[in-house]
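Q: Here is how the chains run, residue by residue.
Protein chains: 2
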Amino acid sequence: MKLNSQQPLYLQIYEMIKQDIIENKYTKNEKLPSIRNLAKKLGVNNVTIVKTYDTLEKDLYVYKKRGSGVYVNNLNIRKNFLEEEIIMENFQYGRLEVNCKINFANSNPNGNYFPIKKFKDCINYVIDRDQEKIFAYEDPKGYIELRNTISKHLETEKIIVPPKYIQIISGAQQGIDLITKSLIHFGDKVIIENPSYSGAITSFKRGGAKVIDIPLLKDGIDLDILNNILIKEKISYLYLMTNFQNPTGISYSKKNKLKILALAKKYNFYIIEDDSSSDLYYKNKPFSLKSMDTNEKVIYIKSYSRIFMPGLRLGFLIAPKDKLKYISFTKYHTDISTPGLIQRAFEHYLNSPLWEIHTKKLRIIYKKKFEVAYNLLKKIDHLELFAIPQGGLYFWVKLENITSEALFLKALQKKVGILPGSIFKLNEKSEGWVRLCFADVEIEEIKKGLKILKESVEKLHKL
Amino acid sequence: MKLNSQQPLYLQIYEMIKQDIIENKYTKNEKLPSIRNLAKKLGVNNVTIVKTYDTLEKDLYVYKKRGSGVYVNNLNIRKNFLEEEIIMENFQYGRLEVNCKINFANSNPNGNYFPIKKFKDCINYVIDRDQEKIFAYEDPKGYIELRNTISKHLETEKIIVPPKYIQIISGAQQGIDLITKSLIHFGDKVIIENPSYSGAITSFKRGGAKVIDIPLLKDGIDLDILNNILIKEKISYLYLMTNFQNPTGISYSKKNKLKILALAKKYNFYIIEDDSSSDLYYKNKPFSLKSMDTNEKVIYIKSYSRIFMPGLRLGFLIAPKDKLKYISFTKYHTDISTPGLIQRAFEHYLNSPLWEIHTKKLRIIYKKKFEVAYNLLKKIDHLELFAIPQGGLYFWVKLENITSEALFLKALQKKVGILPGSIFKLNEKSEGWVRLCFADVEIEEIKKGLKILKESVEKLHKL
Chain A
1 MKLNSQQPLY
11 LQIYEMIKQD
21 IIENKYTKNE
31 KLPSIRNLAK
41 KLGVNNVTIV
51 KTYDTLEKDL
61 YVYKKRGSGV
71 YVNNLNIRKN
81 FLEEEIIMEN
91 FQYGRLEVNC
101 KINFANSNPN
111 GNYFPIKKFK
121 DCINYVIDRD
131 QEKIFAYEDP
141 KGYIELRNTI
151 SKHLETEKII
161 VPPKYIQIIS
171 GAQQGIDLIT
181 KSLIHFGDKV
191 IIENPSYSGA
201 ITSFKRGGAK
211 VIDIPLLKDG
221 IDLDILNNIL
231 IKEKISYLYL
241 MTNFQNPTGI
251 SYSKKNKLKI
261 LALAKKYNFY
271 IIEDDSSSDL
281 YYKNKPFSLK
291 SMDTNEKVIY
301 IKSYSRIFMP
311 GLRLGFLIAP
321 KDKLKYISFT
331 KYHTDISTPG
341 LIQRAFEHYL
351 NSPLWEIHTK
361 KLRIIYKKKF
371 EVAYNLLKKI
381 DHLELFAIPQ
391 GGLYFWVKLE
401 NITSEALFLK
411 ALQKKVGILP
421 GSIFKLNEKS
431 EGWVRLCFAD
441 VEIEEIKKGL
451 KILKESVEKL
461 HKL
Chain B
1 MKLNSQQPLY
11 LQIYEMIKQD
21 IIENKYTKNE
31 KLPSIRNLAK
41 KLGVNNVTIV
51 KTYDTLEKDL
61 YVYKKRGSGV
71 YVNNLNIRKN
81 FLEEEIIMEN
91 FQYGRLEVNC
101 KINFANSNPN
111 GNYFPIKKFK
121 DCINYVIDRD
131 QEKIFAYEDP
141 KGYIELRNTI
151 SKHLETEKII
161 VPPKYIQIIS
171 GAQQGIDLIT
181 KSLIHFGDKV
191 IIENPSYSGA
201 ITSFKRGGAK
211 VIDIPLLKDG
221 IDLDILNNIL
231 IKEKISYLYL
241 MTNFQNPTGI
251 SYSKKNKLKI
261 LALAKKYNFY
271 IIEDDSSSDL
281 YYKNKPFSLK
291 SMDTNEKVIY
301 IKSYSRIFMP
311 GLRLGFLIAP
321 KDKLKYISFT
331 KYHTDISTPG
341 LIQRAFEHYL
351 NSPLWEIHTK
361 KLRIIYKKKF
371 EVAYNLLKKI
381 DHLELFAIPQ
391 GGLYFWVKLE
401 NITSEALFLK
411 ALQKKVGILP
421 GSIFKLNEKS
431 EGWVRLCFAD
441 VEIEEIKKGL
451 KILKESVEKL
461 HKL
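From first to last, the protein sequence lines stand for chains A and B. Sequential numbering from 1 applies to the first sequence in my numbering. Sequential numbering from 1 applies to the second sequence in my numbering.
Worth double-checking, as some hints may not be accurate.
Far from chain A, some chain B residues (derived; all Cβ distances over 10 Å) [claimed, not checked]:
1. 256
2. 444
3. 459
Distance condition first, Cα-Cα at most 20 Å in a straight line; then the derived SDA-like pairs of lysine to any residue [to be verified]:
4. 232(A) / 8(B)
5. 189(A) / 8(B)
6. 451(A) / 12(A)
7. 64(A) / 54(B)
8. 189(B) / 67(A)
9. 25(B) / 12(A)
10. 232(A) / 50(B)
11. 120(A) / 115(B)
12. 234(A) / 16(B)
13. 232(A) / 259(A)
14. 189(B) / 55(A)
15. 232(A) / 269(A)
16. 459(B) / 425(B)
17. 120(A) / 131(B)
18. 325(B) / 165(B)
19. 58(B) / 128(A)
20. 25(B) / 187(A)
21. 64(B) / 12(A)
22. 58(B) / 71(A)
23. 65(B) / 68(A)
24. 189(A) / 15(B)
25. 64(B) / 26(B)
26. 117(B) / 187(A)
27. 410(B) / 447(B)
28. 64(B) / 29(A)
29. 64(B) / 16(B)
30. 65(A) / 71(B)
31. 218(B) / 71(B)
Simulated from the structure, these hints should not be mistaken for laboratory data. The structure displayed is predicted, hence computed values, not measured ones. Note that CB positions come from ideal geometry on N, CA and C, so glycine has one too.
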């Protein structure tokens, strides 16, 4: 131990212990040495250690139990870094960046589907139209004409919301970050689906929430379990992907959507509805929870990453008035505003027939891919689909007597990428589940890739 | 009080009290009613209240003092919303949006200085060059070629840093937000300058930091005060704007820069250097703290908002390796990445002679404006400049026997906007200080505007 003569001794010892707590060198609720023992070990007075422990307690790093001792508090809300680092290393920020030729892991749309030329025209049009306004600060809430256009589009989805309750965001992940920072208080309980989107899980946890997961059934989360939790505990938020969920591809039945809304009213919690895939329906356009939300219990997040182009980082959020003002304030303190250039060019695109043409084209492409993949997957033994998606980009697949990690590695040897299910789990490692995504693979690749997967499964199953 | 029969009584009461704590209906450390009194008031058993208080304690909303009672904890790290709302209402997210013709409040560069046509060319060039890559997800750390180009530029500023230690950010405010979320732990002590940038103050406070301010002198913060604090307390971060500070316009002397770096080493804290104005020197190019940082104690934030175009939301951050990995991870969980379109177009601009031409032009413009304004300000009685800036966009002005609010309102009647000093203060209301910024006013407006200010000051002084 290095002590210097400048700071009071008790503060130097305080700093050492605090650092160790922050760096997870203690476990939660671990007992610290007794005052006498630590004083002896460091060769200082008991009084010094008393002062050290008092300061640690005041700053909430430890708590005292009468007659028992001093224990490490569970307050280090960023302590889950270590665990996350491991995921980060393997999956480069949640995205699988490995050397694979056929990539069922990537959920970013294939660049071939981007309307590059048309969007370039929009960019040039709005620069000529708006000149320096394009590059000046934009309204933190978002470019007003974009909010107007979104408001009009939402009417066709039975969501009636004036532009002032719409907040433009730099993608769905930012929506989750803004909600976490502005609405979720330390210790608030947030329910998520099991499995769910890892970016949301991490955000809520790091924001200090207590995250609870509820298993997904084929038509939504298990409502019996939800009911039991609500009776016993105060829940603040429910984070759901109601249509073509990531990673399972399932959608909530209308009945379940209405039941959840009724529970939100009864138990006074809010639902964060993350709707990034509902434009990608194969047959029938689904409706959101938000469109049925008569009691203002839904905070709605929509991203344009899947249906348009992810690199634009664009989406919007709808929240009840009293919540939105905090969210907008937090948006300002997060990055001031989303770039005007991107908002204005996108508004021009969205407010033209181009939008309908583009989304229709994408739906046809994904439906075709779904059909090809589904028909091949059905024929692979020792694989079981959790559900048959009616839209979106995913299959959630159960492996019989094979771990997802084994299949992941086996497929990778043949340059085929998949995502192990553990990425989508809060707690338990999800043995035997994988997500297959067909966003970034063409029909011929799907055929080749699933053939390789079939062989890999068969080989592993024989082991 | 509305109780329903579904949840246990103790939980319903818990929820009520928790809500009141969150909404600041209690003050910090306020004593809650005794168990007996509250039970009597609500007509429930004592046991129920015991359970309520136990749960509140477990969730850290309250703490108990033996033999004394139950007190409200200081854990609601978002409690300063109310206070902030007032500022937000008056100053629309920190920017003054009032009906003024001559705007000394706005620190955004005038749109006339934007190189719109040239930048449009860059956009078209990179779209044609990179095609779909422009609109796909960008590396969360930032477009590699932009980091390369920045790294090369930094060499001329005596900052030697490889691209891998550079993180692209969506403006300085995002840099502050990322640092807060990834590095500042609950209860960490952060020192700021007095006066300082309100967006940083709010961010640190909302992140749970204990913010301490130290008065600024003409060559940096008061080092005697800093020394005294460091001897007594553990400080985690120091947030400084070392060149052409906002709002005072002062720069740290080289001597003081070196002293602060030595203190950072001795007391093991980090310096967050926010460098958004140093390109705007009138005569001599200043050097950053980062350029002298031999011990990796400086986290450096640079924004391109003032020197280029703020609506692009672009900047970068340099941090020591072990810190940067957390920051990059947090960037991913904040908004995945900064839009590739903007990064690539800007890289093309920055990596051409256009950059030098543009920045030189801006420096000439601002220097001229400074000279005109300075010569007029000198002649206004009852006004005193805190310092004579050597670069940047601001004057920090002391009013003699006039409150800043009075001058603010008086000037506004004549459609001249200024910023009251209280915006830049952590605690005390800053009577008699105002910031005058000449980013968004042309020479003729400066002349007219300062004439009106002179008249306003004279009138108020006679009252």
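Q: Compare the structure with each hint and give your call.
A: Okay, the hints, checked on the actual structure:
| no. | hint | result |
| --- | --- | --- |
| 1 | 256 | holds, 19 Å |
| 2 | 444 | holds, 19 Å |
| 3 | 459 | holds, 33 Å |
| 4 | 232(A) / 8(B) | holds, 7 Å |
| 5 | 189(A) / 8(B) | holds, 17 Å |
| 6 | 451(A) / 12(A) | violated, 62 Å |
| 7 | 64(A) / 54(B) | holds, 16 Å |
| 8 | 189(B) / 67(A) | violated, 31 Å |
| 9 | 25(B) / 12(A) | violated, 37 Å |
| 10 | 232(A) / 50(B) | holds, 17 Å |
| 11 | 120(A) / 115(B) | holds, 19 Å |
| 12 | 234(A) / 16(B) | holds, 11 Å |
| 13 | 232(A) / 259(A) | holds, 18 Å |
| 14 | 189(B) / 55(A) | holds, 13 Å |
| 15 | 232(A) / 269(A) | holds, 14 Å |
| 16 | 459(B) / 425(B) | violated, 27 Å |
| 17 | 120(A) / 131(B) | holds, 10 Å |
| 18 | 325(B) / 165(B) | holds, 9 Å |
| 19 | 58(B) / 128(A) | violated, 59 Å |
| 20 | 25(B) / 187(A) | holds, 19 Å |
| 21 | 64(B) / 12(A) | violated, 28 Å |
| 22 | 58(B) / 71(A) | holds, 14 Å |
| 23 | 65(B) / 68(A) | holds, 17 Å |
| 24 | 189(A) / 15(B) | holds, 12 Å |
| 25 | 64(B) / 26(B) | holds, 16 Å |
| 26 | 117(B) / 187(A) | violated, 51 Å |
| 27 | 410(B) / 447(B) | holds, 18 Å |
| 28 | 64(B) / 29(A) | holds, 19 Å |
| 29 | 64(B) / 16(B) | holds, 19 Å |
| 30 | 65(A) / 71(B) | holds, 18 Å |
| 31 | 218(B) / 71(B) | violated, 44 Å |
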